[in-house]
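The lines below spell out each chain.
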Amino acid sequence: MPDVTIDWYVALSIILFAIGALGVLLRRNAIIIFMSVEMMLNSANLLFVAFSRHLGDLNGQVLVFFVITVAAAEVAVGLALIVTIFRTKQSINIDEINLLKG
Amino acid sequence: MRVITYFFMNAFNLAPLILIFPLIGVLANGLVGRRFVETDRKTGEVWSGWFGSLMAISSFVIAALLFFSLRSQEFHAEVIYLFDWFNVPSAGFRIPWALQVDTLSVTMMLVVTGVGSLIHIYAIGYMHGDPDFSRFFTYLNLFLFFMLILVTGSSYLMLFVGWEGVGLCSYLLIGFWFDRVDETGHPMNATAGRKAFVANRVGDLAMILAMTLTFWTFGSLEFNTVFQSAVELFEKGHMVEFGLFSASLGSVLTAVTALFLMGAAGKSAQIPLYVWLPDAMAGPTPVSALIHAATMVTSGIYLIVRSNVLFEIVRASGSLILGVISAPDLVAYTGAATALLAGMIAFTQFDIKKVLAYSTVSQLGFMIAAAGMGAYVAAMFHLITHAFFKALLFLSAGSVIHGMEHGHHEIAHGDHHDDGFDPQDMRMMGGLRHKMPTTYVVYMIGALALSGIVPLAGFWSKDELLSHGSDNNFAVYLMLALAAFFTAFYMGRQLKMVFFGEPRHAAAEHAHESAPLMTRPLIVLAALAALGGFLNLPYFTEGMAAANQHKPGGIFLGLEGWLEHSIQSFELTAEGVLHMPHTSVVMSRSVAGLSTLLALAALAWAFYGVYGKKPKTADERDPLQSTPIWWFAILPLNTFYMKGVIPLFNRLAHWLGYALDWDFWHDFVHNRLIRDPFVGFANFAADILDTQGVDGLVNGAGKTVRRLASVIRLSQTGYARNYALSILLGAVALVAYFLLMVN
Chain A
1 MPDVTIDWYV ALSIILFAIG ALGVLLRRNA IIIFMSVEMM LNSANLLFVA
51 FSRHLGDLNG QVLVFFVITV AAAEVAVGLA LIVTIFRTKQ SINIDEINLL
101 KG
Chain R
1 MRVITYFFMN AFNLAPLILI FPLIGVLANG LVGRRFVETD RKTGEVWSGW
51 FGSLMAISSF VIAALLFFSL RSQEFHAEVI YLFDWFNVPS AGFRIPWALQ
101 VDTLSVTMML VVTGVGSLIH IYAIGYMHGD PDFSRFFTYL NLFLFFMLIL
151 VTGSSYLMLF VGWEGVGLCS YLLIGFWFDR VDETGHPMNA TAGRKAFVAN
201 RVGDLAMILA MTLTFWTFGS LEFNTVFQSA VELFEKGHMV EFGLFSASLG
251 SVLTAVTALF LMGAAGKSAQ IPLYVWLPDA MAGPTPVSAL IHAATMVTSG
301 IYLIVRSNVL FEIVRASGSL ILGVISAPDL VAYTGAATAL LAGMIAFTQF
351 DIKKVLAYST VSQLGFMIAA AGMGAYVAAM FHLITHAFFK ALLFLSAGSV
401 IHGMEHGHHE IAHGDHHDDG FDPQDMRMMG GLRHKMPTTY VVYMIGALAL
451 SGIVPLAGFW SKDELLSHGS DNNFAVYLML ALAAFFTAFY MGRQLKMVFF
501 GEPRHAAAEH AHESAPLMTR PLIVLAALAA LGGFLNLPYF TEGMAAANQH
551 KPGGIFLGLE GWLEHSIQSF ELTAEGVLHM PHTSVVMSRS VAGLSTLLAL
601 AALAWAFYGV YGKKPKTADE RDPLQSTPIW WFAILPLNTF YMKGVIPLFN
651 RLAHWLGYAL DWDFWHDFVH NRLIRDPFVG FANFAADILD TQGVDGLVNG
701 AGKTVRRLAS VIRLSQTGYA RNYALSILLG AVALVAYFLL MVN
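Line by line, the protein sequences are chains A and R.
Be aware that the first sequence starts at 1, since it is given in our numbering, and climbs by one per residue.
Be aware that the second sequence starts at 1, since it is given in our numbering, and climbs by one per residue.
If you're looking for bench data, these hints aren't it; they were derived computationally from the structure.
Please note that the accuracy of each hint is not assured.
As the list claims (entries may be wrong) - Estimated spans, in silico, between C-beta atoms of each pair:
| id | chain 1 | residue 1 | chain 2 | residue 2 | range |
| --- | --- | --- | --- | --- | --- |
| 1 | R | Leu725 | A | Trp8 | 25 to 31 Å |
| 2 | A | Asn59 | R | Met741 | 22 to 28 Å |
| 3 | R | Thr691 | A | Leu22 | 55 to 61 Å |
| 4 | R | Ala686 | A | Lys101 | 41 to 47 Å |
| 5 | R | Gly730 | A | Thr69 | 24 to 30 Å |
| 6 | R | Thr704 | A | Trp8 | 54 to 60 Å |
| 7 | R | Gly730 | A | Ile15 | 20 to 26 Å |
| 8 | R | Lys703 | A | Asn59 | 55 to 61 Å |
| 9 | R | Gly730 | A | Ala73 | 22 to 28 Å |
| 10 | A | Val62 | R | Tyr719 | 36 to 42 Å |
| 11 | R | Thr717 | A | Val4 | 39 to 45 Å |
We put the beta carbon where it would ideally sit given N, CA and C, even for glycine.
Start from the sequences and build out the full structure, keeping to the hints where you can.
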């Protein structure tokens with residue numbers, strides 16, 4: 001079994017971030033997009049924790065708590081928005097929400 | 001008692017009141033006068049009219065107090081500082097608002113407020129029943145206010161404020177009945193007002209240039225400072241430095257005085273800017289009397305007399321305009337030529353007020369000519385007497401017009417309504433001496449005074465002026481003497497056509513005398529026109545001159561002894577300038593005798609000669625065009641005279657009056673050459689330059705923005721993922737940038 005170095009964590013984090021970004025860009029369902037955003041955030045969290053351990057600096061772990069807190073708040077607001085949009089439009093297809101078109 | 005003495009000795013503190021009274025009148029009549037008059041016409045008119053008149057009279061009282069104060073302190077001039085108008089200490093630029101109280105300005109104040117008060121009272125009667133009664137008195141008081149600023153100001157800038165203000169009032173009052181239109185629907189009164197305004201602007205431009213040059217040269221616009229430093233500079237013979245170049249004082253002042261002449265030509269209706277004055281008769285008659293005869297039009301003469309120091313320095317320095325003529329000589333010739341030309345044009349006019357208008361132009365020419373010859377006292381003397389008798393003539397003419405209009409109203413109640421009736425046309429009048437006896441007598445006094453019949457006012461002032469002419473400049477004298485002959489002739493013609501013979505129109509038959517409110521001021525003015533000459537009786541012999549030299553206060557040369565404290569004259573010596581006391585001219589008996597004889601001959605010629613057979617009907621030809629002169633019938637020269645001179649002269653006068661003055665000068669030069677291109681340019685500016693040029697630029701800018709926006713807004717798709725993508729790309733770009741920066 002090979003050694004699990006910091007590079008592995010970085011690679012996994014990049015893969016997770018890319019999957020999240022592509023999910024945000026390509027999917028139409030608002031909830032899926034929402035989950036993709038969460039995945040991007042958590043890929044960043046993973047990186048923070050990995051480097052925190054690698055460098056022996058606890059600041060990275062402290063920052064992760066902040067990110068989780070902000071993400072929780074974001075979920076609360078974001079889901080409330082999605083529920084409201086669903087009530088008016090009977091849909092959560094993000095392509096139908098294009099009132100700001102120029 | 002002490003209070004009274006204090007008032008008489010120290011009225012200088014009261015001087016600002018002379019401006020404040022008319023201003024109160026303006027505010028009162030302008031703000032509440034209309035409501036007063038509309039609520040109750042009868043008492044409203046009394047209150048509105050008499051309040052305005054009272055303000056004028058109060059100013060006159062202040063002027064009289066100033067007169068006594070000046071006397072009590074030996075004519076020593078006072079400058080009463082009120083406040084600073086501009087003050088830029090770093091640039092040394094300071095224009096105080098101050099009143100100049102000296103013998104010259106007090107003379108003008110007395111004339112302006114005295115004649116002004118009488119005309120205000122007359123106007124209460126004249127404007128009776130006019131829907132804009134209180135507006136008229138607002139304007140009259142406003143005019144008085146600005147005219148008094150003009151004459152009391154202690155600097156050229158103050159003078160200019162008044163100068164512009166009276167121009168504005170003149171415009172407002174000429175166009176007072178601005179809604180009246182002629183047969184073609186053209187608003188002729190409004191046009192006349194505008195014409196006066198525009199013609200005056202030409203002169204004003206010259207005034208502004210002259211003031212700029214004065215300030216540049218002397219660093220001040222205050223009369224006292226300018227005159228003092230001008231004399232000092234002249235005595236030292238220094239050049240005037242203008243930064244890059246320098247010029248001699250004589251040539252600088254030649255430019256200044258020539259520009260002053262142009263300004264005076266605009267205001268005082270001289271060649272070539274006189275065209276507005278005859279049209280200005282569209283205004284109500286009290287306006288013609290006050291503004292266009294007695295006061296405003298004389299401000300050009302006041303300007304020249306006030307600047308006498310500058311004119312005399314130019315004369316002493318020998319500087320010439322283009323090497324041809326000196327500025328004061330140009331003034332004299334301009335005045336004399338105007339006097340002659342306008343006197344001739346007055347021959348051919350049928351409108352009672354137009355005759356007087358051209359006569360005013362002609363008389364102003366006399367004054368300008370006198371000022372140009374250095375006879376400043378004679379100019380001021382003629383200004384005063386002219387204010388008396390010309391105001392009298394205009395107001396009497398107003399009384400005649402009033403009478404004719406009433407006569408016309410009376411017959412218009414019958415069945416025949418005559419729309420072509422013109423109450424100012426002298427051909428419609430005739431025989432009015434029985435219908436309007438008071439007006440007839442005062443008109444006669446005014447006309448004889450204007451013609452210069454001894455001992456009425458015009459005789460003394462005109463002949464003092466002519467005596468100066470025969471001493472100083474013979475060519476000018478000849479022109480003026482001829483103009484005086486013409487004056488007597490057209491006044492004789494007018495008297496005969498208006499008052500003598502039989503009525504030539506039903507309106508003249510039914511005319512009747514005007515109300516006492518109008519005739520009483522006429523009687524006062526008639527007394528002034530008759531006795532005004534005694535202000536300045538001349539010395540009749542050398543002995544009298546020697547015995548009475550410099551004894552001010554006497555009846556002989558009273559005005560001269562009074563004015564010489566404001567008017568200096570100079571003589572150039574090898575050492576520089578000497579201030580000379582004013583030298584009195586002994587009235588030349590031959591000049592006075594000749595001019596009186598000429599005037600009598602002209603009156604007789606008009607009365608018994610040309611107009612002996614008065615026109616029987618309104619449309620008969622003017623006998624000036626056909627009748628011979630009876631007393632030439634006994635001369636062998638008769639045939640030559642009748643066939644040659646008279647028709648030639650008639651043709652010349654008609655040519656001057658209609659072809660040269662009207663067709664060429666008014667229609668061709670002013671309307672065709674100046675107005676039409678200007679109107680064309682204005683149309684071009686309005687229709688093409690503005691709508692296509694300026695609007696195109698503005699609209700084009702708007703269109704460009706719109707077009708650009710329609711392209712750019714395509715990027716706003718409204719799809720959230722497009723925005724997300726741009727955020728991502730932005731983030732990647734930022735990261736890439738920082739990575740590159742680190743390495």
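Okay, the hints, checked on the actual structure:
1. Range check, leucine 725/R to tryptophan 8/A: Cβ separation about 29 Å, and the 25 to 31 Å hint holds.
2. Checking the proposed 22 to 28 Å range against asparagine 59/A and methionine 741/R shows it holds: the Cβ atoms sit about 23 Å from each other.
3. Range check, threonine 691/R to leucine 22/A: about 58 Å between beta-carbon atoms, so the 55 to 61 Å window is met.
4. The beta-carbon spacing between alanine 686/R and lysine 101/A, approximately 44 Å, falls within the hinted interval of 41 to 47 Å.
5. Separated by about 26 Å at the C-beta atoms, glycine 730/R and threonine 69/A satisfy the suggested range of 24 to 30 Å.
6. One distance hint, 54 to 60 Å for the beta-carbon pair threonine 704/R and tryptophan 8/A, holds here, with the actual separation near 57 Å.
7. One distance hint, 20 to 26 Å for the beta-carbon pair glycine 730/R and isoleucine 15/A, holds here, with the actual separation near 22 Å.
8. One distance hint, 55 to 61 Å for the beta-carbon pair lysine 703/R and asparagine 59/A, holds here, with the actual separation near 57 Å.
9. The hint said 22 to 28 Å for the Cβ distance between glycine 730/R and alanine 73/A, and at roughly 24 Å that hint holds.
10. Between valine 62/A and tyrosine 719/R the Cβ separation comes to about 37 Å, which falls inside the hinted range of 36 to 42 Å.
11. Between threonine 717/R and valine 4/A the beta carbons are some 44 Å apart, a value that agrees with the proposed interval 39 to 45 Å.
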